[in-house]
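Engineer: Single-letter residue listing:
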Amino acid sequence: MPAAPTTFDRPQRWDAAFDPKMTDADVDRLLDTPPFSNMRAENFPARLPLRDILKQDTSIRRYRQGELIVRQGDYGNSAFLVMSGNVRVVLRPGLPPSLLGRREPARKNVFRLLAQMWANRKEPESLQASELKGDKRIGARVGDGDEVKVFLQDVPRVLSEQKTDLIQRGELFGEIAALSRMARTATVFAESEEAELLEIRWQGLRDIMRYDDALRKQVDTIYRERALRSALRQVPIFRRLSDEALQEVIARTELSTYGDYDWSGEYKRLAQAAATGQRKQEPTIAEEGDYPNGVVLIRSGFARVSQKFGHGHRTLNYLGAGQFYGFEEIAHNWRNPASPLPLQYTLRVIGYAHVIVIPTTVMEKLVLPAVPKGDLPPLITPVESEIATAPSKDAAEKIGSEMLEFLTESRFFNGTATMVIDLERCTRCDDCVRACAAAHDNNPRFLRHGPSHGRIMIANACMHCVDPVCMIGCPTGAIHRGAFGGEVVINPVTCIGCKACFNNCPYEAIRMVEIRDESGAFLTDKELNPIIKATKCDLCVEQVGGPSCQRACPHGALARLNLNEIDVFANWLER
Amino acid sequence: MNSFVKQRWLGFSLFVVLSGTAIWLQARWFGTVLRLSYLTGWVLFAVILCLTLYNPRKKLPFLPLLSSEAWLQFHIYAGLLTGVLFAAHMSYRIPSGLFQTILACLYVLVMLSGFFGLFVSRALPKRLTARGGEVLFERIPAIRHALQDRAEALALKSIAEVKSATIADFYSRELRGFFEGQRNLGLHLLEVSSPVNRLLNRIKDLNRYLNQEEQVMLEQFAVLVRQKDGLDYHYALQLVLKTWLFVHIPLTYSLLLFTMVHIVLVFAFSGGAQ
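Sequence lines, in order, name chains G and W.
Residue numbers for the first sequence follow this note's numbering, beginning at 1 and rising by one.
Residue numbers for the second sequence follow this note's numbering, beginning at 1 and rising by one.
Quick list of in silico lysine to aspartate or glutamate cross-link-like pairs, DMTMM-like style, CA-CA up to 20 Å:
no., chain 1, residue 1, chain 2, residue 2
1, W, Lys242, G, Asp430
2, W, Lys59, G, Glu542
3, W, Lys126, G, Glu574
4, G, Lys499, G, Asp538
5, W, Lys126, G, Asp430
6, W, Lys59, G, Glu123
7, W, Lys157, W, Asp169
8, W, Lys6, G, Glu424
9, W, Lys59, G, Asp430
10, G, Lys136, G, Glu161
11, W, Lys204, W, Glu219
12, W, Lys6, W, Glu69
13, W, Lys58, G, Asp430
14, G, Lys499, G, Asp146
15, G, Lys108, G, Glu131
16, W, Lys157, W, Glu214
17, G, Lys365, G, Asp375
18, W, Lys242, G, Glu424
19, G, Lys122, G, Asp517
20, G, Lys217, G, Glu248
21, G, Lys365, G, Glu248
22, W, Lys59, G, Asp441
23, G, Lys308, G, Glu397
24, W, Lys126, G, Glu424
25, G, Lys308, G, Asp290
26, W, Lys59, W, Glu69
27, W, Lys6, G, Glu574
28, W, Lys58, G, Asp441
Derived DEER-like restraints, expressed as beta-carbon distance ranges:
no., chain 1, residue 1, chain 2, residue 2, range
29, G, Leu114, W, Leu257, 25 to 31 Å
30, G, Arg240, W, Asn2, 34 to 40 Å
31, G, Leu114, W, Leu136, 31 to 37 Å
32, G, Leu114, W, Tyr92, 41 to 47 Å
33, G, Phe522, W, Ala153, 35 to 41 Å
Hints in this document: simulated from the structure, not taken from any laboratory.
Heads up, the beta-carbon is just placed ideally off N, CA and C, and yes, glycines get one too.
Isolated chain G (complex conformation) (with noise of 0.2 Å):
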């Protein structure tokens, strides 16, 4: 009788490679190069070999000279390693934005304001062929695949007008923006002819460093030199630190990283699938009525804070990147240790987070001495903790439970500017509509439509998201934060029409259209196929005064809110 298999659960990431056209042999190429010639396979489990991680988790790609790998500002979810050739890093002043695929930014003046009111276009996204002229000192080609790679015409220059860094073979880089989800805070381009690199995915780094304790020390020591000593002098309560109380702060701080970084994408599935019940998926952080460990700060991502009701659990806030949770209990227990209070609410991931955990001894021997007596919170009280509601007492209490839940099952909370619409004010008239057009060309970059709950509407806009899934993966950057305010905006004329943040927006706030010439005709490639490109609202990021939505509504009905900032929406609903 022959033996049983054994069985195991595959990662779901699996189901789909990261690059299918991995090979084994490029998996054995792999594995007798440093720096997974050096890991241990038996480290690895039986359910994630390293050799599995390899083959599903990472791609091989190849870059010419100058072409750009990573730009400054963009999101990834993914590291690179350097297997051959030299990359630079862009270190000082920086790429103009033009080179790196955006739009310089530039306010209309007034002639331009003024102009607006007899030179709108009268096709429906129609451009000059002159605006889709990019700038000459970049150019694209097509690479592996069908993979659009945009490169620096002149190398030399760029090398002489900018402090670069090389980074060899071996080196990792990158690894910070794909595992805490910030934006890269550098560009970097191939420099010499050609250029080999491991890209690995987020998920395949995370388990690699599990696993591996070199690379994990690796990167642990560059985060916590590089990203969390900043991340820490944000939050009020680690101000007053010294910098030697910091830094053992800084060693003795936990990482950790919950969730799904491809929420998005579940997102969007259970949405059109209506599903609820989601809060089953939100793995839990901390527990009410657990003993608090240790305060949790958000770094990136959000998360839910719920209380028991009756046999389920009631959402009262969330939290966003900044945010921290746990610090009044541990406060309240260190100024009453006779009579130590558990976690009064439970946390959850909504889709993913990374968070930094301070531990309850770190705050209770560094950081809470150095609180000054006003700065703390006050103490818990029994009749508190029945009805309370962690940060925003107050607003929670404003909006309704039943408010918040839905402001979070739809993932509103993501929004810097999301579009409210107070339904009872609303007179339908579309004056803000209309005022969009106008501001865009006569194309609304809108729809004055979308779920409701209660007398609430948030329309079907960009909501220039705190985590803008839109922009991961853009092949040219056009799609880029801007320079005035961190909105999200396209540039129209690196926009290649591929879909990638059509596809990857939760909301559905990115529209596709077919480019018209002035003459009303369609524009054309070579193989007459339409020219395509992603719009979305901008945020009037050109207009004098503000979104031209906001300022075109007689009764105060619509307002672009940062829903991240719960204070700010129970205000306004209470206005």
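Based on the hints, put chain W in the right spot on chain G.
Structural biologist: For chain W alone, coordinates are given in the frame of chain G:
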């Protein structure tokens, strides 16, 4: 006090102060100041012109000319003020003469249409929201057609599946007309729901003569009737919200035109302004 209440108090207080001042000055200067009606007339005309500028402002949303909300607040309270100025200009008398009567009537119509607009702008959105089923006005005809197609298909399906024409006959007799166009618009405005209740009662009455399979189909008709009624409700209320300005604005421009003729006539027959 929330910001809307504060806004109302501020606007109303300004209106009271300015109106009181206008009435007091008119009373004080009446008979002593030469050609007082010229002064009140020009002030009234200037305020009306300012009110009229709101429409061009709406056409230029990209210019930083204060928010539309601020303009509307000015429009409401300055519009009220024109009532006082108009009465003062007329020296609180009923107009005499055909031209003056037309001018006064136009003014009253503009004022009344403005009040109507303000009322519907404040009242109808709440009703639409309470009813639910938010829908874009422009999409209503397409949705109505889709509902009609579904109802037609259901009627045909009932013949094929249950081998009986009872439901199809009922549909032809009672429901087809209901699905064919927008219905009961005036009654929806008055929040009267008796027509749809009558239809639903007839559906309920028919229920007792049907077998179980037919009853399931009839229930689907009841759902469609409710959906269509909701659509008609939205159509009726949104139609009013969208069309009242088509009365208010032409009346306003007519008033402006007559006012300018009035000014020309006054100057032509009074020997010129002093």
